[in-house]
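With chain Y held as given, fit chain W onto it using these hints.
In the order they appear, the protein sequences are chains Y and W. In case it helps, the working numbering puts the first sequence at residues 1 to 260. In case it helps, the working numbering puts the second sequence at residues 10001 to 11000.
Since the hints were made in silico from the structure, they are not lab data. Hints may contain errors.
Computed, partial: chain Y to chain W, Cβ under 8 Å [stated by the list, open to error]: (1) 130; (2) 154; (3) 168; (4) 175.
Chain Y stretches covered by chain W per the calculated footprint, using a threshold of three residues with CB under 8 Å from any CB of chain W [to be verified]: (5) 12-19; (6) 41-48; (7) 197-211; (8) 223-232.
Remember, predicted model here, so these are calculated numbers, not experimental data. Every residue gets a Cβ at the ideal spot worked out from N, C-alpha and C, and that includes glycine.
In case you want the letters, here they are:
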Amino acid sequence: MCPFEYHRPKTVAEALELLDRGVPLAGGTELTPRRDEVPAVVDLQELGLDYIELRDDIFVIGAAAKLQAMVENEELLPSALREACRLEASLNLRNMATLGGTIMSADGRSPVVTVLLAMEALVVLEPGSEAVSLEELLEQRDQANHRRLITELKLKRPEILRYEQVSRAPTDRPIVCVAVARLPSEGSEKGYRVVLGGLGSTPIRIQKAETSLAEEEDINAAAEAARQAYASADDVWASGEYRSHTAGVLVKRLTTEMIS
Amino acid sequence: MHIQFTLNGEPIELDIPPDMTLLTVLREQLGLFGVKHGCETGECGACAILLDGMPVNTCVMLAAQVDGREVITIEALGEHPEQGWRRTGGLDPIQQAFVETGAIQCGYCTPAMILAARALLDRIPSPSEGQVREALSGVLCRCTGYLKPVQAVLRAAAVLRGEAVQPIEGPIPAPPDFFQAPSEGPEGDKDIFFGPEVLTSTGVMPRIQVAPRIKPHNVVGRPEAKVDAVKLAQGKPAFTADIEMRGMLIAKVLYSPIPHARIKRIDVTDARALPGVSAVLTWEDLPRVVYSTAGQSDPIPGPLDSFSLDNKVRFVGDRVAFVAAETERIAKQALELIEVEYEPLPAILDSDQALAEDAPQIHDEPEYVGFAESDPKRNLAAEIRIDIGDVEVGFAEADLIIEGTYDVPKVQQAHIEPHVVVTYWDEDDRLVVRTSTQVPFHIRRQLAPVLGLPPKRIRVIKPRIGGGFGGKQEVLIEDVAAHLTIATGRPVRFEYTRAEEFFASRSRHPMRIRMKTGVKRDGTITANEMYALSDTGAYGCHALTVTGNTGHKAMALYVGDGRYRASPNIRFYADIVYTNTAPSGAYRGYGVPQGFWAVERHMEIIARQLGLDALAFRLKNALRAGELHPFSAAWSEGREPRPETINTCGLEDCVEQGSAAIGWAEKYGNLDWHHVPGKPYLRRGIGVALVMQGTAIPYLDMGGASIKINDDGSFNLLVGATDLGTGSDTVLAQQAAEVLGVPLEDIIIYSSDTDFTPFDKGAYASSTTYISGGAVVKAAQQVAERIRIRAARMLGEEIGETIAPDEIQLADRSARAPDGRSVTLTEVALNALHHENQEQIMGVASFMSPVSPPPFAAQFAEVTVDIETGQVTVDTLIMAVDAGVIVNPLTASGQVEGGMTQALGYAVCEEMCYDESGRLRELDFRDYHIFAAHEMPELQTIFVETVEPSHPFGVKAVAEIPTDGVAPAVGNAVMDACGANVVKAPITPERVWRALRGNG
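Isolated chain Y (complex conformation) (with noise of 0.2 Å):
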């Protein structure tokens, strides 16, 4: 006797209710091999949720939206975003996995959440239709609320976006990965992102660097933001020694070529 259930539910309503039994099945290919730990899941496939639009300068992403799909997007989606999408996992699995799926499973070594962040992303969250910054819901992550449903996210449309990584092979998990991106202006201000990625349970956001870009056009300041931000940043794949050097390099080159 098997205790699992397969939910396919065909809208968001009744998907919010099936929540109180299980978890939300995107792709699958995160949640698959671990199926033993939960005891219902609820395919998102049928719910319409895979659209990609741009609307009023926002990118509007299904969160079933397939990373594939994403890639293939020529037409709509910056070039950063959709080599990070192919750099995130290989062809077939990117035929499955979802951009919804993706952020909630995603680590710190991830290229989609390091330039979904440099793109201040929106998650959209039902019931309720919240919408929290992505940053704020990588943080909630671990804290399983599974009544929650991810419909969508929003990315704001970048007048330059550029990701770059270091890695052992062309396609190989990046050591150390930066996005870094200038946003539509806001009254005076530029909005300027910068991102490092290559370590931990998620990228993170170099504000200190954001600001001297922002105030001065400083790029050897926003360099030495991410170096001090990545300056102990050790694990097994690097030493923080090497992680603060390249992220510093990374920095300056992609932002050289954003400010001229």
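Showing chain W alone in chain Y's frame:
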């Protein structure tokens, strides 16, 4: 739960457990064995199907998810072109292209690749190479290096568009064209987004500098399609796990979570009581038989230090208990119910600490049987002390002594088919072991005492193998299933997970190697010394022989020049120590890649220090034809050494051809070329490594073959040799066809089954084409002789004369008399089997060689280094190889391309690391990165033929040498690019960065 979906065009309804993966449903409920298991996390892609036209991985998909959708598996594509009176559509053009181009080696990932190609070509009929590489990138292949699969897809695309394609057997590119850079190559875009316009050639022949033949060959030397390719392209149930048996149980193993401990108490009461559990075995249940898991000839040249189950565990991942249950889920639940109380012991996790006075003793069991110098009290599995000449004299005569220390990591073979075995009692109560092995005959001999059975009551069947690379030269898991079949009387299947492949399987010995070399200012090497500290892990399988080959091959290449050629001064010392990590073992190259990382990095440093040309310095000191193999009189795998002269050496030609192909003269030392316009932080570099290997173990390795004629003039060829995906069945059958004067399709080859194929020591030591091939040729010659005698009589009777049998020629399926009259082999066969003086024309022969002729090669690499981050991109790998006469250019170049690709991982990204608690960092293909199709450098293979006189067709080995040179060539190219001297492989960004800062 109930689901319905479209499967291969037909609607289907099924009842399934809701937690079952689609992979399990397809294989076990529907019998669609073309879907393969390679991992459990979706990274390898062997389990791919098309879901609504897109490739997805079924191991990470619930079957419930496909309810209402459309599934295509490989079984939907093509069928065998010959099915009797029924006309068939034949193979799908993509399958046909994979068969023809040599894109199939082991064939385990082939169905997934073909489906991925199908998805691509359905959407994009004229894809660029970049798009093809992207499309195949979701399927990892450990055999091919992806070049031929990419060419196959491009070829299939052209066929589907209705275009003419180049014949496979195009003219062999030969001088003067030989030196020109290829106008079309597999280089170009690596990314679908930016410039996907470069198209690769659909011609697949490698370049060959053909050696003059005494007489022209018809089948040997031709790019024949692999004899097993058609079934593999269709995903037929050809592999170990692809069978269904009533009542088959699933085995699981409980592993130790701590690196070194005694088992104080083990309680399996609850596990045994769990419904659905058929057996739980611990050390208390099994006879205590000490053995070695290394699959080698008798007597095993290493310590006997293993038990099926023991009351002590020696690494995280050592076995504690075996379970057999009705389902995998129940077996896993049973493991959780086993209670074990451990008494932890101090552990050795670093080989540097193994020989310390106060080090804990890993092997203190009284049953331990040492070999040669092994000394378990000192944690010494083996010790090697070889002195050739006198290095101290050589050092005294040197102008300069250069020293260095070099490190190589533990790495995994990573064959995509895991270790898998099925055992059962047959109707005679003989134990059948159907297993994915390179060594079926060693398995039978070595397994027998462990099970308490005589070898004659065991039958080992080796079906198709999904890659081995040395990892399956081991009696690794056969005992688990066999003990459980003995305990339960039922069939048992045991298959490793990918994580088990990493933490519980075998791997390449990590080594720390010290080099000390004396040279004259003119570049003459006067003495060369190597000391290797080799880490065999918890057990001594292959300990002596792997590390022995580190010296025997890598230290044999440079003998010195002038008078030093006749009497070189070489020292090779090694200590092979136990640690509390997963055992090391056999991995393609067998110690030699470790040695050449040290030797060739060291030679580069010496050449640069002396200001000598990197190529000239090496060739000045390298071994040449006619000289004594310096180690041959000193060491032979723990057996009696006998002097051996090098008959053939194409090394100088390899250097010439390889350097022409890569443009060495224009790039080496050219400052302009080293800089990348517009990218001030990038530097290009070019590097080389010269390497040699061996061909089988002399006076030891033996293969047997038998051939019999059938009514239609076809032949059954039975060999014990073990095709593990390399194509050895094909090249063996080609040699038989050549002797018998028939096309390859008339040879029906079968390998291997200990009940009815002759003995063969198995697939290792780069031996099959040469050793087993020698046996095939001799057996075929016996058959040819019987055919000639009979044909001479038949043709003589026609005209009332006597014809001498040796005047009969066998060609074109006929036996021809000097006057031009002939009888067909069908007529000969019918005459022999039915008409007169009836006999079964057959031959049985074996082959053993007194020499191990080394293949030689020049490996070139081109890299781009980011000098700010240390990131290395390998742009090009070109290998020029002297592997003797090439029997099949496609399978041989496939060996080189695939071998270079494995070695590329060894160079830049593959590494297994343990933490302080003895746990392994790499447990899946996410952390253990192996190269995918869309991130590959350009690969080129050049063959420089020599004719090795010790083999009937002049062949030498090609299998292992491609793994030897890539890492040092890349290391040398990095040094050329930016001066960074990285002494520890793999060459990671951080190591390059540290080397650039002078603390590498």
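Violated constraints from the hint list, given by number and in increasing order: 1, 2, 5, 7 and 8
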